[in-house]
Each structure stands twice: as C-alpha cells, then as structure tokens.
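Note that the protein sequences, when read in sequence, are chains A and B. Numbering follows my numbering, in which position 111 of the first sequence is assigned residue number 122; successive positions increment by one, without gaps. Numbering follows my numbering, in which position 90 of the second sequence is assigned residue number 101; successive positions increment by one, without gaps.
Hints listed in this document are in silico derivations from the structure and should not be mistaken for laboratory results. One thing to keep in mind: the hints can contain errors.
[To be verified] Quick list of in silico lysine-lysine cross-link-like pairs, PhoX-like style, CA-CA up to 20 Å: (1) Lys401(B) / Lys82(B); (2) Lys275(A) / Lys275(B); (3) Lys27(B) / Lys369(A).
[Said to hold, decoys possible] If you want the footprint, here are the derived chain B segments under chain A, 3+ residues with CB under 8 Å: (4) 28-39; (5) 90-99; (6) 204-217; (7) 341-354; (8) 401-407.
[What the hints assert, rightly or not] Simulated DEER-style distance windows between Cβ atoms: (9) Gln131(A) / His255(B): 38 to 48 Å; (10) Cys194(B) / His103(A): 35 to 45 Å; (11) Pro39(A) / Val214(B): 28 to 38 Å.
Since we're looking at a predicted model, the values are computed, not measured. In this text, a Cβ means the ideal position worked out from N, Cα and C, and glycines have one as well.
There are 2 protein chains.
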Amino acid sequence: MLKDTRLYQLVEPITKALEDNRQADIRPFLDGLSSAEIARLIDAMPKETRQLVWPYVSTEQVGEVLLSTHKKLRHELARSTQESILVESLGHIQVDELADLDDDLPAEVLNAMSMVMGEQQRQRYETVKDYPDNSAGGLMNIDAATVRADVTLKSVQRYYRRLRVREEGLPEHLDSLMVVDRCHHLVGILPLITLVSADQNAVVDTVMQKVPSSFTPLQSDADVARVFADRDLLSAPVVDEDNHLIGRITVDDIIDVMRNQADKELLGRAGLDKSELMFGPLLPSSLRRALWLGVNLLTAFMAAWVIGLFEASIEKLVALAILMPVVASMAGIAGSQTLTVVTRGIALDQIGRGNFVKLLYHEISIGLINGVFWALLVSLVVYLWFGSWKLGIVFGASLLIGILTGAISGAIFPIALKRMKIDPALAGGVLLTTATDMIGLFCFLGSATLILL
Amino acid sequence: MLKDTRLYQLVEPITKALEDNRQADIRPFLDGLSSAEIARLIDAMPKETRQLVWPYVSTEQVGEVLLSTHKKLRHELARSTQESILVESLGHIQVDELADLDDDLPAEVLNAMSMVMGEQQRQRYETVKDYPDNSAGGLMNIDAATVRADVTLKSVQRYYRRLRVREEGLPEHLDSLMVVDRCHHLVGILPLITLVSADQNAVVDTVMQKVPSSFTPLQSDADVARVFADRDLLSAPVVDEDNHLIGRITVDDIIDVMRNQADKELLGRAGLDKSELMFGPLLPSSLRRALWLGVNLLTAFMAAWVIGLFEASIEKLVALAILMPVVASMAGIAGSQTLTVVTRGIALDQIGRGNFVKLLYHEISIGLINGVFWALLVSLVVYLWFGSWKLGIVFGASLLIGILTGAISGAIFPIALKRMKIDPALAGGVLLTTATDMIGLFCFLGSATLILL
C-alpha cells in the first residue's frame, strides 16, 4: 500500500543489506513497489549499488521498469540483463510499449522477441513502431476494445464474458469501449457505466456518446495531453484520415507525457536533460554540463567585452565597476518575468496574432512602472552611497532602460523562437541574458562616459 | 471536436465580432469548448474584451469555468455575474468542487446555495469544506459509488440500472466501484470491466481487487499525484484512520494537480504566481513583480558591496572589473545545474540520508572536472587578452572555486530549505545566486589583490 514509505528511505537499508551480505533481505524491499517506483529507486542509487540490486527485480517487472526509466539507465540495465530474462520479461509488456523501447534493446533480444510474437502481435508492433514517440500514434495502444454499433448491450456483455473465460487478456485501464461500424470507422464511445446501467436490450447506437474527442496519429503528444486535461478524458480514440479507428490513448500515458514535459522544462532551463542520472558516470555527466557552461561562458565574455570597451571610464570612476552588475542583474530578472509569462502563454495556446501586440504593450507598461519606481529608489541609494547625484541619475536611467529592454526581449524572443521552431523554454533564457547584459551594461557605461567624464 | 483549432485563433475573431457589434456571432465560438478551454480563452483576453464575452458563456458552464480559472480572474468574473445566474450555474457542479470555490464567492451567493441544497448535499459539503484544498480530502469526491462485498454481480448491475432509471446521476469518470462491508469499511475495488466480464452469479468479494492503493484525507496532493502516476491509477479511495471509506479521488483531479504543480514551479522561479493574469490590472501586477525585483536588487547590492571592498584594486587593474562578472556568472550557472538535479530528486522522493553524502560527492566531482577544464581554458583566453599569465592563473583559480561553490551550495541549500519546510524550488535560486555572486567575486578580487597588486 506504500502509504507512508518514502522511496529514499529504502536506499539506506538496501545498501546496508548488500554490505552485510544479507541478499535475502533485498527482495522484500522491492515487493509491493510499482515498476515506476522501482525505476526511480534504482535511479537514486550509485552505480555499484544499482548493479547489485537490479537482479532482484522480478522478471515480470523488468520490462516495465526499463520502460519507466530513462534512456541512459535503460541501456545500462538492459546490457546487464541476461538475454533470456529480457525476452521473457518483455513478453509482459504491450507491443506498443515494446515499440517505445526497441531503440535501446540489443538486436539479439529484438530478434528473439519477434520469434515469440504471434502474427497479430507482430502486425500491431509494426504499425506502432513507425510513429514518432512524441506523437499520438506513438502513445496509443492498439488493443482498442471495440464494439459494433448495431448490437444490444446484452450481447456486448456476453462477448466480454466469453473473452474473459478464454483468458484473452482485456486491455488495462478500460473505462469505455470504442464503437465502430462494419468498416471499422469510429462512430462513438460506450462508457462502461452506460453498458452496465442502461437498458440491456437497447442497441449500442442508441446509448453511446456520438461525438467523442478523437486524435490523428501525427498530432503532438503535448497537444493530446492538453486536450485530455481540458476535457477530463480517461481514454480517447486515434483515427486515420478516413476516420478508421487505429488505436486508443489512455490517461495513464498522458500522465507520463505531462511528467516528462514538466521534467524537460525544468531540466532544460539548466541545460540538462532527462538522461542526467543522479549518479551517472562522471565524465559524460560533466561533458553534458560543460556544454551549457560553455554557452554561458560565451555570453559572459560578450558582456565582458562590452565592459572592456569602457576600460578608460572605469579607470577614472571605479563606482561604475561596483554598480554595473546591478543594472545587468535587474534587467535580467525583469526580462525573465516577462519571458516566463509569455512562454507559458504560448504553451497554453493563449498567445497569437490577436493579442500579442496588446500583451507586449501590457508588459512594457509593467516594465515602465517598475522601472521608474526602482530607478528613483536606486538613484537615491547611489546618491547616498557615492555622494554624486549625477551618478545616481545615470544609474537610475540605465536601470529603467535595462528593465524595459528585459520586458521587450522577454516578450519578443519566445514568439520569435517559436516561429523558428526552437523551443522557447530551452533557448529563451540564454538569449535573454545575453541581450539584457549587453544592452544594460552598454547603456550604463556609455551614458556614464558621456555625462560624467 | 476541436481537432485543429488553436485557442488563440479565437481571440481575434471574437474581438472583431465585438467591435463590429455582431453579438450573435460570439456564442458559436464558445460552443463545443470545454470549461477549462473557455477559462483559458478568457484569461488570454484583455479586461475589456473579457467582460464583454463573459455573459455569453452558458449558465451550465459558468460554474465550471470559475472552477478552472485562477483566484484573481474568478473574483472578477464572479462579481460581474448576476446572483441568480451564479446560483443556478453552481447547481451544476459537485459539492466538493463548490467547496474549492467558496472562498471566492459572495456571501449572498453562498447563502442562496445552501438554501437550494438538499440535506444530504449540505452534509457532504460540510464534510469536504474543512479539508485543505491541497490535501487528499480537498481533492476527493464524496459521491463514491460503492457496492457491498456480499452481493452478486448480477444484483450490482440491477442496482445501477435502477439508479439510472431514477435519474440519480451516476458519478462522472467511473472506472470502478468501491467495495465496502456493513460498517462502510473499505474492503476492495471492483473494476467495471470485471463487473461486466466476470461470471454474473459470482459474489463481489470473490472477483474484486483486495488491496487497493488508498489515501488518508490529510495526505498532500503532491504525494497523491505521485502515487497515481507511479501506479497508473484511474481512481482511488480515501479512508479515515479506521479504514472507513469517505471519498474517492479520480485521475482528472490528479491531472489538475500536476498542471498546477508544474505551473507553480515555473512561475515561482520568476517570483510570479498563478494569479499573474496575462492581462491583469497594471498596478497589482507591477507590485507583485516589484517584490521579486526588490529581493533581487538586495542580492545585487550585496554583490556590489563585495566589489566595493576592492575599489582600490579595481582602480589599479581595470581588467578585474572586466572579468569579475564572468566568475560570478559561471559559478551561478554551475550552481543552478546542481540545484536543479537536487531539487528534482527531492520532489521525486529520491534523496534522503541514505544517499545524500554520495550525491554531494558526485556533484563536487563533476564541479571539479568542469572547473579544472574551464579554468585552464579561460586562463589561456585571459593570458591572450590581457597578456598577463598571473592574471590568467588568478582568474582560472577563482573560476574553479566559484564552480565548486556553486556545486556545494546547489546541493546543500535545497536540502536545508526542505528541512526548514521552505519550498526549495522557490527560494533556492535567489539564495544560490547570492552565495555564488558573493563568494565568486570575493575570491577573484581578493586573490587578485593579494597576488597581483
């Protein structure tokens, strides 16, 4: 039931059991954990511990744990699993899930898998394999439970009872059946509660929901997730251009999409990605982070270059050196606020031609109000600190310009990046910092040079 | 079906219709949109447009739209709705949802609501009202569809058919029934597909799932969401300490929790919150953002103060002023990478006493590798730029120390904040920047003063 256990509380006793050579104690810790939980627990362990614990994961869960984990760890774990165990465990997952994994599995395992698959399964596998992972097609299950529109509820129930007796596993997470016509066109959806509670002699056609939300296989997973969330869907059909039913997306897949999105966004802002293992091997981890540090070093050196242009001014008036980081930092903060609001609006489908100009105007107004307020305040502070009202005014005015630059860049960059098909959540921040740093510093040092020296 | 329409594409034609006085054209744009979509559409409109469109939202949807929107907008919209319409529309939402809204509704409306509520409804309302919104109790519905363990499937079906005939609305999003004993203790869960497909003469007890994941009313919504995601749940029971069933949480509520979490995290990093309307009134918007700018101004001035300590050194060697922002910025970036990894690990329940020291060691190692690499590179760059190998070495060494400071602070701060019950996602960033700025600058300017001057 895992009501109050925290995953991290398992890391220590498991490590301890390994150290004390009490291997028999390890399995019980894993019992009752879901595959996603085991994946996360293993991810939280240093490599040596991980490798020792992995063999204790039950064969039924191995496939699903691999599915729940990220590419890097998946590779590592798959490589350290016996081929026969891998093949057996993969038999426990659905073929559409297998299609998500296959890039990361050894070729021999895939060959062995396709030997044991039935003809129907192989066909399904081939269907799903070709859709990109981040599309509706990549998300869907193909075991869509269907019924015909012209049969009675009673016979639908009888059919499912026969299926169960023949043990032809029913799809997981079933809340409704897809209703199709003779040619497998989607015509509606029959919620299970309707199947149970409506008159059993009624024909499906008369009690089903006629216009269900449906998706096409190439729609992006982010779009699908948004519609699921907006419409409180538990499952939805995927149809081709002729409205033939080809699959079914369930809400548990949508939750994974949402988790991954949030993760990607969070990690992306620090130049990281999901393959960033908590205890990944040092060199590759360092290399990935080094790339981001390098990009930012470039940005920092561009700012340094701007400062270098005013070397002579700083030599004469060292207060400039003291105050310049303040201008750059405030411009950056104001910009990141606008950037966040606009990037979020884009992701929520709220910003377009109809309101962008108004939004820009709104952000500039906020920038103006805050800019003027803080400019007045810091002018005073600078006057008190350095005793020069001229320096105070130059500093305040530059701060105002910096904050406005931030607001304008923060609004325009994400829209422009979106147009260029670059994810604004990932690239927006660096671009913004570069702009606010350079413009803010240039304004401050430039106007100081002109007016004060 | 809204397959390819983008919400923002509706803003322009609706605004246009309003300008041209074609009021009759507005309703059709809203038709077919879910309440969540209408809420987001309205949020994307400037205030004057919003106020004109709001009356065209159908009375059935008004309550749900209010529910989907955020506090600020909710207040505004509720105030501009006729009391009678508000009361009627609130009749369309569930009492547990009403409990989420009630803080934002005018007292007269609440009084009118409690007049029209039945006794049972009022009791349910009182039960839910007392749980915090961000707890399992605040999330749950109290219309839990239950069955007794000792009846046959056939009679369960008959019961639900009678319910339907009497039009006593069945709960939404039903995938399973909660199984209880005579004293309303939870004993299991009966998935609808089992109800349909198992032998109809079987007793519930023999076919139900016996140990369902369940929650207690005071568990945090974040914990509940994590378990739902980890275990692919569609719904789950909420029980009190004596295992009495008191409600049911459904996955659509969990999706809202996840959306809100991601939102909060994203906005929080820029010192914003969800009430940050895209077109909120200028002064309150500016004020909220000003607070964050103020916090950051303080940080910036603390860094400026450190620089000020070395005024004399900068006067003698202006290259220090040019290079110092580079040290501070790189230390900040390295720190934010570690901070992100650790904060995420905490949220995913992966970090605890068992692995924190190893994690700290791991992060320091990455910092060391990257620090040494970039230190060597920038030393060379600085030597080439300024022609002083001493300056290059001082700069490189400070960069290394800065990056290490970032790694250590990035690992320790979120853990410490978590201990102090402060959300590390919100406060971590500012604290980190303050530390990396001050330590980085102090190291660089201090060692330069000692060694170079």
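Query raised in the report: Can you list which hints this structure breaks, lowest number first?
Result: Violated hints (numbers, rising): 1, 4, 5 and 8; every other hint is consistent with the structure.
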